[in-house]
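Peer 1: Chain by chain, the residues run as shown.
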Amino acid sequence: MSNPITSIKLVLLGEAAVGKSSIVLRFVSNDFSENKEPTIGAAFLTQRVNINDHTVKFEIWDTAGQERFASLAPMYYRNAQAALVVYDVTKPQSFIKARHWVKELHEQANKNIIIALVGNKVDILEENEEERKVEREEAEKLADEEGLLFFETSAKTGTNISEVFLGIGEKIPLKGLENEHANGGLNVTEDQRVNLANTANASENASACSC
Amino acid sequence: MNIKDQYLDTTSISSLRSGVRPTKSQTSFNIQSRAQPSLSINLDNTIVQTIIPPVNNSLSGDIEDNSLLHSHPRLRSMQSISSIASRRTTRPNTSSDQLSVNTSFNPIIEQSFTYCNNNNNNIDDPSTIRTQDAAFGEEIRKDLIDRLAQSIYSYPTSLAGNTNEFKPVVSNEIPDVFINDNQIGSTFQSHAKNFFILTSAGKPIFSMFGEDKEIIPYMGIINTVVSYFQINESTNIKTIKLNKTKQTFAFTSKAPIILMAYSRRGETTNELMTQLDLLYSYLISSINERQLKRLFHNRSNFDLRNFLEVTDFDNLRQICSLLSNKLYPDFGLNALQCFVMRKNERARIHDTIHNLLINENKNIPRGTLLYGLILSYKRKMFKLCAVIRPKGHSLHTIDLQLLFSLITHQFENRDGDQELWLPICFPKFNSNGFLYSYIKYLSRSNSNNLGSSSSDIEDTVLVLISAQKDAFYKLKTFGDKLWNKLQSDKLNEYFIKDRFKFRISDIQAPLVHHFMYKIKKYVQYVMPEIEIHNDDTNKLNRYENKLKKFYGHLYNSVVDDNGLPINKTILNYLHWEEEEEEEVEEAEGNEIENDFQREKINMMGLIWITPQFELYLICNNGVNNKEIVLRSAKRIISWCKKYESRLFIQEGATF
Chain Z
1 MSNPITSIKL
11 VLLGEAAVGK
21 SSIVLRFVSN
31 DFSENKEPTI
41 GAAFLTQRVN
51 INDHTVKFEI
61 WDTAGQERFA
71 SLAPMYYRNA
81 QAALVVYDVT
91 KPQSFIKARH
101 WVKELHEQAN
111 KNIIIALVGN
121 KVDILEENEE
131 ERKVEREEAE
141 KLADEEGLLF
151 FETSAKTGTN
161 ISEVFLGIGE
171 KIPLKGLENE
181 HANGGLNVTE
191 DQRVNLANTA
201 NASENASACS
211 C
Chain W
1 MNIKDQYLDT
11 TSISSLRSGV
21 RPTKSQTSFN
31 IQSRAQPSLS
41 INLDNTIVQT
51 IIPPVNNSLS
61 GDIEDNSLLH
71 SHPRLRSMQS
81 ISSIASRRTT
91 RPNTSSDQLS
101 VNTSFNPIIE
111 QSFTYCNNNN
121 NNIDDPSTIR
131 TQDAAFGEEI
141 RKDLIDRLAQ
151 SIYSYPTSLA
161 GNTNEFKPVV
171 SNEIPDVFIN
181 DNQIGSTFQS
191 HAKNFFILTS
201 AGKPIFSMFG
211 EDKEIIPYMG
221 IINTVVSYFQ
231 INESTNIKTI
241 KLNKTKQTFA
251 FTSKAPIILM
261 AYSRRGETTN
271 ELMTQLDLLY
281 SYLISSINER
291 QLKRLFHNRS
301 NFDLRNFLEV
311 TDFDNLRQIC
321 SLLSNKLYPD
331 FGLNALQCFV
341 MRKNERARIH
351 DTIHNLLINE
361 NKNIPRGTLL
371 YGLILSYKRK
381 MFKLCAVIRP
391 KGHSLHTIDL
401 QLLFSLITHQ
411 FENRDGDQEL
421 WLPICFPKFN
431 SNGFLYSYIK
441 YLSRSNSNNL
451 GSSSSDIEDT
461 VLVLISAQKD
471 AFYKLKTFGD
481 KLWNKLQSDK
491 LNEYFIKDRF
501 KFRISDIQAP
511 LVHHFMYKIK
521 KYVQYVMPEI
531 EIHNDDTNKL
541 NRYENKLKKF
551 YGHLYNSVVD
561 DNGLPINKTI
571 LNYLHWEEEE
581 EEEVEEAEGN
591 EIENDFQREK
601 INMMGLIWIT
611 PQFELYLICN
621 NGVNNKEIVL
631 RSAKRIISWC
641 KKYESRLFIQ
651 EGATF
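Protein sequence lines correspond, in order, to chains Z and W.
At the far end of the first sequence sits residue 211, using full-length UniProt numbering, and the numbering has no gaps.
At the far end of the second sequence sits residue 655, using full-length UniProt numbering, and the numbering has no gaps.
Treat the hints as calculated values from the structure; they're not laboratory data.
Check each hint, because a few of them may be wrong.
Below, in silico cross-link-like pairs of lysine to aspartate or glutamate (EDC-like), each with a Cα-Cα straight-line distance of 16 Å or less [as the list claims (entries may be wrong)]:
id, chain 1, residue 1, chain 2, residue 2
1, Z, Lys57, W, Asp417
2, W, Lys293, W, Asp303
3, Z, Lys36, W, Asp303
Hey, can you work out the whole structure from these sequences and the hints?
Peer 2: This is the structure:
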């Protein structure tokens, strides 16, 4: 098969100023800016990446973290196949908010949505580990319980950013693989847990991602 | 565009430097209601070579072409009399020195203009001058010298269209006749102007200056004052004025929000109230009135700051700064500026939009798109390139200014090719609901071929507005198709670069330093580009502040307490000069001006309001000949008329 294109609708959610836009900027432009303006409403961006001979086109909704835009969030995650729930590893409040988002996504969003829990701003910890306010174990526990991918990232240094999107890309059933999803899925990762979820998703998702 | 005219005031006025007073000679014209405002019509086909002999009240008509007057029998004189008051140096007593001569003309007075019926309508052709009566030889000679002087600075890429890369900058050195009153000390009370927004429970929301601990005591006082009048007088307090210290406090109470403006710049209550209205409108654009009332319904002590975000405070600060320190004609004139392009170019763009809307009506059903704009953004200013609107509907300029201030923020830090989906409440459209704006950045260009100064970057942006919260993909598809079409037809080239920007020297209007001209029915205005050599931001700010104050004085000279013009048609001159016997220089902190012997202040301005247009004009320092100024004003008007279809969007793509 000749490089089929899969579109992945992805939404970023999380408290204001945790670095959602910076993660996107790093992923899309490999760039970082220190004093980013807060997003108002939502920004829509696209980025193409190649995963295992497939071109994946990410259609990214970078939403505003501000409370007053929260009522708009369902519009963005309603048809999303993937979500990044972002928190700031130095802000415990942002992790509480992340828990809420995970809960809301499980209740309201597409049943097969793939959620990645992302603890951002680990570059601050490299300078001073005492700044850490959300323990890695705590976040891993949440990810395990809820079946989430989990990453700790830094948009500033680029740490783990592409891994987040590749991780998502690998879990989305790719076009052209739909008929052989079991095999295709097995090749993606060695992780048994992830793999199972993937095959399960693939069969159900085949109809959902007709876009 | 909206036709509502609110006559909002241009600017704030500063207290005058001691010894400098505006001398005011005011002539208002009572055109009787039957009289058609036909002056502008005449200007269409006529070159107003107003060569005016020394005016006297008898006005013996030196009319060359009487037929013109006869063909418009209702046209009567609008000539202002040169008032002696304008040249008089003034006395310290304020009440007497603002000597105002208010002459209401009897409409039967004959015209003293010299009309030269020039069919080819070429105001740029100096030969037209020579066709004048020899009796005015002296005037003509002076005029030619003026033209020569100006042609030295003539701007190459003018509307006439010739291109030359050499761009001399016209001097912006007009004297500042006002003291630098922005800040006297360093404490927060020392600011000459401040804005406060608080809740009806007295909780602070925003202040232009001042830390929380400084402003909180004032919140209590403001709240008490407002409540006192509401409880005891069942009314809302509007203003408190302290005549001695020239302090004005203006209040607006819109439960659950209270706003107060403080000014020591001698601004009128009306000016401050309209400024407060803009701030309130901004708040509503973020949180609509229904949301606001709901938030406060059960918790009257709700802290709204928790609900607003950094962006909001930044935007409020930005608006305050525009209101206080920048020339902000969008707000002052309550009009928008239009990106200059040829008539047929704009028509092609509008046709393309219109056709695409018809072809795409399956993908973008009627009712999805409410309003659309193509905007050019440069130096923090938006100009309209194209307008898509339903027939007979338009958005209020305030609403669009709020949209602009939101987008400005995003412009400063945009990421690549992102598209935005912004919920925004347009308070003048519907203060209880949100509309949704699709925003797509189309292109970026640098108009300065020589350098890469950021101020020369021009962005173009597409805004499509819908009432449907999930219309994003429909609008995106339409936007993408539109942009592809514009690119494939090479129409985008018309608005990615400002080819027709002009300077005052492009118009044969001698001795005019700067002007603003607004056509009321389009709710659009035009003014020469403000440019500062080397893009010195401080210099630019100082210059804009000067212009702002001059225009503010001009405007306030013709409006009543409610900010409405005192007459339908007004022509007024203002004169600023210093008293000869007083030394004024001491307080001036401007090192550049101190290096040279300071110019003697002798400034003149003109304001001309008719039902069709508004013209604000400031002359070069030293100009005091009203006839020449009036003639220049008419040239500006006829120039704007001549290029009207380039300077203004007349219809837009309507559907």
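Peer 1: All the hints need checking, so say for each whether the structure fits it.
Peer 2: Status of each hint after checking the structure:
The suggested pairing of Lys57/Z with Asp417/W holds, with an alpha-carbon distance near 15 Å, which does not exceed 16 Å. A C-alpha spacing of about 13 Å is found between Lys293/W and Asp303/W, which places the hinted pair at or below 16 Å, so the restraint holds. Only pairs whose Cα atoms come within 16 Å are accepted, and Lys36/Z paired with Asp303/W is rejected, the gap being roughly 25 Å.
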